[in-house]
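Hey, can you work out the whole structure from these sequences and the hints?
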Amino acid sequence: MGNNVEVEIFETPLPGIGVRYEFDTEIGRRLGVLVHRDGHRDMLVYCEDDADSCSETVRLSLVESASLVELLGGTKITERLSDLRQEVQGLSIEWVSLDDQSPLAGKTIGDGKIRTASGASVVAVLRGGESFPGPGPEFTLQAGDTALVIGSVEGVVTAHKIIAG
Amino acid sequence: MEIDVALLELGAMMIVLATLGRLAYRFGLPAVPFYLVAGLFFGDGGFIPVEEASAFIDIGSSLGVIFLLFMLGLEYTPMELRQSLVANRVSHVVDLVANATPGFVVGLILGWGPLGATMLAGITYISSSGVIAKLLVDLGRLGNRETSGILSTLVIEDLVMAVFLPVVAVLLAGESAVAGFISGLIALVIVSGVIALPARVGHRASRFVDAESGEILLISLLGIALVVAGIAEHFHVSYAIGAFLVGIVLSGQVAERARTLLEPLRDSFAALFFVSFGLTVDPASLVDVLPIAVALAAIGAVTKFGSGYWGARHAGSTSRGARRAGVTLIPRGEFSIVLAGIAIAGGVDGDLGPITVAYVLILAVGGSVAARFVQ
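In order, the protein sequence lines correspond to chains A and B. FYI, our numbering numbers position 95 of the first sequence as 95, with every residue one higher than the one before it. FYI, our numbering numbers position 241 of the second sequence as 241, with every residue one higher than the one before it.
Treat the hints as calculated values from the structure; they're not laboratory data. Keep in mind that this is a model prediction, so the values were computed, not measured. No incorrect hints appear here.
Which residues of chain B face chain A? A few of them, derived with a C-beta cut under 8 Å, are: (1) GLU75; (2) TYR76; (3) GLN83; (4) SER84; (5) ALA133; (6) GLY140; (7) LEU142; (8) GLY143; (9) GLU146; (10) SER152; (11) VAL155; (12) GLU256; (13) ARG320; (14) GLY321.
Just so you know, even glycine gets a beta-carbon here, dropped at the ideal spot from N, CA and C.
If you want it as structure tokens, here you go:
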């Protein structure tokens, strides 16, 4: 089996509790996550001999499951963002990637006059594995950076044009 | 009302409740049957008379039912109800037929007439959502494959009650069969309406109710639940169902906060409700009806296991999983008591009370213990 094959995840609604997700691993074990309605997760490890029942159920808080995801090689920022997006209506959030053609590559955030033109703000910059939260106007953007822009829907579109063209 | 005596009566009752509750907790058993037992110690035929506090207990136990059902409604979203309705339809019918029939037949044999028999049918049919949901959590079985089937069975049973109660409430009030039919129809329309409610309507209603202060939110929720319950009761739809439907409509963060805010209220008043039901039962009469109750409980355990097992097999569980599902569904609890309370208030034979107490006692405790042993 190739490593690029996506895992088939089964989703089961549990009325009154939340949603359960499960999948079978390549070596034949079954793993699952139960997302409770209050946000906490149960990590489920199914029995080897009885695929219908769990041998281990570990309760994880939101923070703990985010840490586990990070250890397993995911990123917790995307999830946080999708939460944020759901909560605040009319707020737009976008990742803007810069390449060497981008107008602001090699220039500072202040040079783009993003805030004046669009009302939107660059609230963080990701560079390589590093993150720069709350960059000031003197922060110089580079090709390869990813800027996190927050603002109104139109504002973010305008900011996207200023930063990435 | 002599306030000092009333306070002493209530306090003594709470202390007995707490003591029995602790005992139940130590053995990992549901508290509800023990509250019923506590009620036996008081009132008619009990050791401690309850007179001064009885007015408060009466209204308090109605509040207990409202909070129980309101929070049950909060557990479910219309979408979950829709999904449960669509899935495993056949097994829900099997569940209804297999478990309501014994109660109905026994009710007829006891000479309670069709209406009394129908009430007993409801009592033998409905599993305890409260006891079973807690069992699943305690035994760490939320992840199990058969759990979704168990939960959807509970959901459907609660929904069936939402239509069943208004019908029998009208019939018990002495109205004609036609009036009962109309009431059932109205209930069906209202329940379907609530289930079909698009999520955004629920969200909008919830946002309207929401308040930053927990205190204000709590008072708002109480006001709405009580007003709707009162209106429902006025039209003989049963106040319990009114509260249940309000709970279903509320969703999202408000529902989440409401659960936290209302939990202590529900626990206190529901305990009062179970005790007050026990109060109406004379322990001596319990002994008289014991053979009938034991027979009903034995049949009820077998039919519930059978329908649960069949349903889980039908949904693709292994026989082990199906066995667990069958046993887990055995406990009966709060809803059976609610039904019996309504039946007795409506003038059904007095033996219904002690039979239901014994039935729930045997199956809630026996079922919970059995669920632990079936791996």
